[in-house]
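Modelling step: build the complete structure from the supplied sequences, incorporating the hints.
From first to last, the protein sequence lines are chains A and G.
Okay, so the first sequence: first residue is -1 according to our numbering, each after it adds one.
Okay, so the second sequence: first residue is 245 according to our numbering, each after it adds one.
Rather than coming from a laboratory, the hints here were simulated on the basis of the structure.
Pair ranges (Cβ atoms, derived):
#1 A/Tyr556 / G/Ala380: 26 to 34 Å
#2 A/Leu557 / G/Glu544: 47 to 55 Å
#3 A/Ala589 / G/Ile257: 39 to 47 Å
#4 A/Arg99 / G/Glu544: 44 to 52 Å
#5 G/Leu290 / A/Gly524: 23 to 31 Å
#6 G/Val392 / A/Lys5: 43 to 51 Å
The C-beta atom is built at its ideal place from N, Cα and C for all residues, glycine as well.
Listed here are the chains, written in short residue letters.
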Amino acid sequence: MNSSFPKWYYSTSFFLWLLSIILVDDFGIGFVGLCTVLTLWQASRLVTKPSVLSIRFINLVTLLGAIATASLIGLKNSVNVFVALMLVASLLKQVHATQARQFTQICILNFFTYPCLFLFTQSIFAAFLVLILLAVNLAIMLNLEQNLRFKSALKVSAKGLVLLLPVATLLVVFLPKLPAFWQLPAPQNQAKTGLSENVDPFNIANLSQSSDLVFRASFENTQQTGPFYWRAIIHDEFDGRQWKVSEYQGTNIRALPNEATGTATIIAQPSQLPWLYGLAYSYSRSAKLNSNVFGTVYLKNLSAKPVEYQIDFTDFEPQDSLRPWYYNRNTALPDDINQQARQLARDWDSQSTTTSQFIELMQRYFLQNGFVYTLTPTTTQSDDRIDDFLFNSFNGFCGHYASAAAFLLRSAGIPARLVSGYLGGEKNDNQGYYSVYQYDAHAWVEYFTPGVGWQRLDPTAWIAPERMTGSLSQLEQLSSEFKSGLGYSLIGFSNWQSINWLRLQLEELDYQWTRVVINFDKEKQGALFKEWFGSNGQFWAGIFSLFVLFLVSIALFYLSKQLTRHKRPIELVYYNAIVSDFNKQLSGTTAKQHIVELCKLLPELEASLWRFYQLIEKSQYQQKPLTKFELAELKRLYKSIKRKARK
Amino acid sequence: MINRLKRKVQQHIYKRHQRSEIRLSHNNIYILPSKDGGFFIAVALLNFVLGINYQNNLILAVSYIMAVMMIAALFLGFFNLNNTNVRYLGSNANFSPYSSSIRLSISSSAEIQSLRLSSAYNQTAIHISKVSGEKALELSAPELPRGVYDTGVIKILSYFPFGLVRTWSYIKPNDTFYVYPTPLPVIDTEFSFGNASNISQGIQQKERSVEFDHLTQYQKGMSLSRVSWKHYAKTEQMLVKQNAPESADLHRVIFDYSKLSGSKEERLSKLCSMVLDADKQQTSYALLLQQNRIPFGQGEAHKQCCLEALSEF
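So this is what it looks like as structure tokens:
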């Protein structure tokens, strides 16, 4: 191995390994292992300095690496495999790099490999990280041409990148956004957030709590008050074990309602399901979204980056009756299970005349039998799960209560369905938006009353009424249980005021970042142009962007001129300026001779000329830097000599 | 066809650089992306396409950063070479196969980074990482056969700042340099000097001349070729070989090409070593190269004239 290259050139390997760790959720632990092996190999070669590897051997390893990568990730995830192969290729190229040119090529390749991280995450931290990696990368490139020290190379490259950043920002804002040339496969994201299409609460021993953000919502113009029930998925088929997503979840409405009671802008984090979040009866006019018959919205195409959309929402329309097939669908239950629960429902049905009376009886039952809200319920595998819950365990979370309530309602012939979504949200007081996290996931019931239509019923609220206001994170009672399930995350420390403050600040920064940077699309650009340049916005923006490009080029021109200009000491500049006035009259070759001649030409200036020479001699020939005071004196002398010499 | 066009363009460009001193400026500096620069542009385009297709502003921003970097590299590369003064200082001749060299001086009021200089005669360019003020340097022309060579085009090239652009210019001094024949010791006794009377003596004298008379202390200005290196290696004393005074008629020798045996190059090589020996002995000698005659003479200039004649022949 050629040891003439500085060790920090090999930092690239470490960075690539870091990327593989960040993407562990997408690439799997096996791939990280592969990258670790390659990085360790590189590190060991750095320490032991063995001979150069033969091309044949490297080719063999590359082939093996490619096969290993493809088999570890699976060819189905084309984007993931592609990015993973890039990482492995860069790592291997690094191992056998022996010439300056190869390092240059690796550095150039890194300009592609590093930003690939943005395909998976576009958080502000990812952006910051990639910026740092690119700065080091650029420092290597600089160093390959100039032989600087690591620190100064990094300083130059960081300075350069920081200068380039606003320019790139200007270009992103002003260069007209082109539509996608062709459809590329989206990277398969391993979204940690999102709901399940089938709700089966009885199988879950420990409700996983994640503090990952699901979406953020802000309301326009209207002051909305909670509780916010964010509807996402309607489950109207119960098979005895789980509530399945409705067949009509993907059925669109033909005409959108006319009047909305409110409008909300929502930025949803990427999820594996298309179903998005809305309030009450929601619909959207966005081209990216569909509005379905249940009053929820969903994505036409899954996205790997946060989706920003607007919804209009309104109350449910009063309905007199359901069509028979639809009534049957919403009262259907599998036979022969949960007989006790059915009997209970029949009893209540005979005791009540209206649906609300029936619900009152149900509420009384839950309250009088000591039901408990818990995130770690008793599990059951029996066929009569709801019986178990209602008559034995008496504990559960929202899924249990909603499931049982819907079953009881259906048993009495009242149309009912399960709705899953999120409840609440943490309000950011500065910006007025709500953040909804994965631990805010919730399930509740909607039942139908003739003449009134569909109504919401949240049986969990009877047991844990605090759950209705605010987010789960703000719930005192459950806080210890809740936090123990969270693992390590900042919200786990929300009791500590300073850490909570930091968390909220970061949260806000991320909100702005998502809204302003990540979701700056053609639509937003168009709106911005219109605001700034009037109705002919597109045209003027085009002109303006050309103008910006022109300005940038001019600025670069002068900047690079400035950068390459040799910074001569000011003493010599002064000296040359004085001497150049008398070029023709001077015959000497040294500075001292010049001064002697100048003294003859300008006898009245002799004293200042000699003092001037003294200072120059001190800085130039004795190599002693001048003090501030001496520099000021030098300047004064220069000015006076120059002034008098002109006369 | 394309090659002819290329050559024509090149000749046209070289014509503008036919000077022994050139100040690099906007009308004689050429800038193009290097091969790596082309790769860089391709990566920037790839990022652009990716950014557009995934509607990913961050990737798009990286591609714009790369584009601006490229433009900045063009400017920086230009200003790096701009206002540089390149002066041709002459050449140093040498005996084949040792390398002759072309001497240049590069000066600039600013600092020049990462300069590569190459001529038609050296495969790998010499790389100078930094020039501030003035710097003289030699471009070697190794392993050339005997002859006179056109100094040719000297290329001044830089990949500053990131290796993405190549900034270059030429200087084409209208000059030649010499590569003398390889000196070949004369062992054959057939050859004869033009002056028939001292043929045998000449040879004898030549062979005897290896046997020096005595050694004296080396003094500054004495020819280094007369130093007894053997002695130096043993005692580290610099002693100079003093030869016995030669007979009067040996002070005038004629070296005749046509009287020597062997191939043309062999004969020239022999003549070369004869010239060197004669010069060492401070003999007055003349050179007969068929039509080309160099009259009797002595000293450094005469020796050089003879060696050049041998190179040219």
